[in-house]
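**Q** The primary structure of each chain is shown beneath.
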Amino acid sequence: MTALPSSLAPTALADTDLAGTDLAVTATGLVKTFGSHRAVDGVDLEVRRGEVFGVLGPNGAGKTTMIRMLATLLPIDGGTASVFGVDVREQPHMVRQLVGVTGQYASVDENLTGRENLWLFGRLQGLRSARARATADDLLERFGLTEAADRQISTFSGGMRRRLDLAASLISRPPLIFLDEPTTGLDPRTRGQMWDTIRDLVREGSTVLLTTQYLDEADQLADRIAVIDRGLKVAEGTPDELKTSVGSSSLQLRMSNEADTAAALEVVRRVLGEEPVLTPEHGGLNASLSDANQAADVLIALRQSGLSIAAATVQKPTLDEVFLAITGHGTDEDTTTPDLTPEATR
Amino acid sequence: MTTLTAEHETVLVEDRTLAPRPTLAETLSQTVSMAWRSTKKMRRNPEQFFDVTIQPLLFTAMFAYIFGGAISGSVADYLPVIIPGILAQTALTACMATGIQLREDMDKGVFDRFKSLPIARIAPLAGPALADLLRYGTAATLTILVGLAMGYRPGGGVLGVLAGWALTIVAGWSLAWIFTYLGTIARSAQAVQGISMMIMFPLTFLSNAFVPESTLPGWLQAFVKVNPVSHVVSAVRDLINDGNVTGEVAWALLGCAVVVAIFAPLAVRSYARKM
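Top to bottom, those sequences are chains A and B. With full-length UniProt numbering, the residue at position 180 of the first sequence is 180, and numbering never jumps. With full-length UniProt numbering, the residue at position 104 of the second sequence is 104, and numbering never jumps.
I should point out that these hints are in silico values taken from the structure, not numbers from a laboratory. Treat the hints loosely; a few may be bogus.
To be verified - Far from chain B, some chain A residues (derived; all Cβ distances over 12 Å): (1) H93; (2) A130; (3) A235.
Unchecked claim - Pairs of lysine to any residue residues, derived as SDA-like cross-links and limited to a Cα-Cα distance of at most 20 Å, are as follows: (4) K41(B) / E241(A); (5) K40(B) / S154(A); (6) K225(B) / E248(B); (7) K108(B) / A301(A).
C-beta: ideal position from N, C-alpha, C; glycine also.
This is chain B alone, in the form it adopts within the complex (with noise of 0.2 Å):
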């Protein structure tokens, strides 16, 4: 430790200006700065990309060859089906891990800082929501990849499965914020893993993810219709299969932003009020 030299001018509270709050290009740029800390720490823990690289693989192979024969007569004609199911459910996976991995960071001494400093309160959320993006991207990208090798065809071409990569990536990033809502009042990082688990499960399978809903009872088939999942999943369809931008596809978008709505706002409100 160097002794301070004449340079270090006096500091001084008077030439302070103080600003009341956080503009939105200050709130901007903070996200974006906690977003490149999350792809630092991404980088330095790839097992963080476990999660949604094998997943997508595994899952995309055993759901195809178990229940493709049972579910649509043939491996071939249940890919249209299970594709875009598997991305909504790969999306969904990947995203609870976002409220998994910010109540651990939240536990550690970096955040006390983040907390003491003159930010926006959402920018240690949406930071790591940013740079969970490329998560989702990894995952929607190697589903349809596997579906590919598998011989998959998607009628809607070229556009069409980017438009359905790009919705599964925008439902990810939005239901990500019901996690990271969890992330901000659980205890632990196992209660919101043990409690995402119990949120994921039905979301996912109590969809038409899997199977088409015609095939499920009365009673179960009201559910699945108010799904958002189910209409991520149908939108996703749309556009892979008959590159059709079809009512889902608003349907799907406005759960989405239904869902950042209530939870982002409630996420930050309680992540300013804890410690």
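Extracted from the complex, chain A is given alone in its bound form (with noise of 0.2 Å):
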């Protein structure tokens, strides 16, 4: 498929005088406020033509507002978007040409098979019933689901829910597709899958904008993240420029004698140049290390100081460190996601 229908009267993208734009996103300022709540608070964005962009940020930041105002989905309240230079508010049915919705929720017919779906979906946007059909049948092979196809929605998997729904967004071929939570609820094969999937479509030409709870899956995918919280931008970066503003990894320690913490404390410091954090937990603490081998440094120091471990973890960063780093503030407070590892969900 290389074009939309020729019924289309012919602006001609080229024509206008953004088509030369490297930006397939540009938002200013983005405001959405519920009744007393901005769920989106001034938020500007940028995203060139053929990146990953991450959205990153915990349950209630604002992410998926985010992706539905830019989407035409929801209506903006304040700020300015345009997706490869067309206004979202002034024209919002060019904008639904440009671009492809994954939602967080499977968007596609319950009470029609996933053969159905698709060829409903082409021909909603003007292909024939027969190109339709065949466009179908090639996005249903391409995301394995040939053999379910003509099952009803009902009995897929939430694996094969999200490749359906992901097929769905790709029958115009959009240059821009949002991917809100693309791998949320999936098990990990599942999710490898989906990550490689983003990975072919980014090969094809397409931009990607995706939110994600999961810094390894903003790592793995995204080219440039932003990190949301409270409908602001907090930081925005290359996921090694966000590494390593909390280190590359942590290493967790916990006195065997909770006396020890303060004296544990201070030899970390002299041995990182660098100062720990306080965990909940009895003689709990928490540093971050630019290098995992400077962990042993710090145990031998611990050792020659005659302080005794109950138990030392070296970690990657954790979205939660990465969010205590930039906004002093963890994931899970003011939310309601107690844990944010993708084990735990779902």
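Put the two chains together into one complex; each comes in its own frame, and the hints tell you how they fit.
**A** Pasting the structure below:
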């Protein structure tokens, strides 16, 4: 599929003065309020063509709201947004011709089969019946759904639904694809498959804007990441920049004797040259490491000082730590998500 | 999931032509596609036909036998009065369900997809309305058949009956836009149901559907006379019982047109703005 049907009025994008822009999404001061709650509170965003841009944040940070505004699914309350230079508020119909949206919850029809769903969405986008059928068959095969194609969606597993949903977003081969938490709730294997698919999309030249709660997902996929917290963008950069800001990994210690905590704090500070953070459990402290090998230095220094540890773990930075480092508060503050690791969700 | 092959060519933005809005032809085609979806849904959830099958059977028999003697002296004499009345009533209940089902549907994920697609905003509303013609048709056909089985012999002949049948369906489709609008503004399907009941009962019972309006007190007659349902009922009676295309038919059609002209744009506007 190369272009939209010729019946559409010919406003070639190449003719507009913004066609030369290398930005797929531009948003300035984006605001969405629900009553007195400012779900998105003045976010600026620039997504370059051909990149995967990750929006990282905990539940309730405003990620989904932001995507829904950019995808014309929610009215924009303040600020401006454009997609390939087309104003989202002024020209929603044109923007809809440029984007594909795959939401957190599969937006496919439960009453139809997989094939019928794709056929319907193709027809709605102006494909002739035979063409819509061929496109549906192609996509079903590409997403490994051929065998289940004639089953009703209600019999589909979560991963199959998600795949079908993504397939449905690709019918018109949109140059910009919004993926709202594409792997939340998927098992690790399906998750990996979804990642591969997203990489393939980018290879084809699509621009992808994805939201996620998982730092590793953003790390794996995104060229650049914006961290969103309580409707505000609190950080932006490449995954490496982001991780460096919190250290490449962290050392978690728990002292056998709680009274040793202060002394241990002093030792860690001396070895790492950085202030460790006390954790809620008794005798626990947490230090960020620029190099995981520094953990050994710390442990040796503790032993030499005669301080005994109950437990020590070296961990890659978690989203919680990135958050703590950037915002000064954890992700679970004010949110209902106690644990943000992928394994613990659903 | 297989990897992409070379035949999936690169996605380009520049070779796209963007339309500022859908054309009329596209809107019609999208509406038909949405109607196709609704018929698939009906076929897989046949309980959607309960109200348009059981109600006409039950109400026709019940009303005719209970009120026939009291109102017209005999059941046979009451049938020409009650059949057009029931036709209008079932059409109205059937189109009430249009609004309730739309509300239910709109809460589903697939409506997000519809909203994100470059399609006419009216298509997801007009599609189900188009498919519901099947339901109105079923209701009207069954009501007439039950009447015939009970001994009703319409004076308008085959053509008159067909015309009355068609007018019932047109009226159902038109009035459905009131409930479609309710579907787009209400918070839940239950709310649509509640409000719809409050609209449907006065409209059907405060009309000439079941009793001659001359038996009503003056103030009530005033309302009955302007009630569009009365005009539909009178028009259907004129067509089915006498085979006459009277001024009532024109009034009924005009009333239907006014309802559509007011509520269809309201519904589209409220749907496009919501969510």
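**Q** Would you say A130(A) is clear of chain B, with no C-beta pair closer than or equal to 12 Å?
**A** 15 Å, holds
**Q** So if I understand the rule, the pair passes when the alpha-carbon distance is 20 Å or less; does K41(B) with E241(A) pass?
**A** With Cα atoms ~51 Å apart, K41(B) and E241(A) exceed 20 Å; violated.
**Q** Confirm or reject: H93(A) is not an interface residue toward chain B, with every Cβ-Cβ distance exceeding 12 Å.
**A** 5 Å, violated
**Q** Keeping to a limit of 20 Å between CA atoms, is the pair of K40(B) and S154(A) held or broken?
**A** 15 Å, holds
**Q** Decide if the proposed pair is consistent with the structure: K225(B) and E248(B), CA atoms, cutoff 20 Å inclusive.
**A** 11 Å, holds
**Q** Minimum Cβ separation between A235(A) and chain B greater than 12 Å?
**A** Fine: 29 Å to the nearest Cβ keeps A235(A) off the interface.
**Q** Are K108(B) and A301(A) close enough, with their CA atoms no more than 20 Å apart?
**A** 59 Å, violated
Violated hints, listed in ascending order, are 1, 4 and 7; each of the other numbered hints is respected by the structure.
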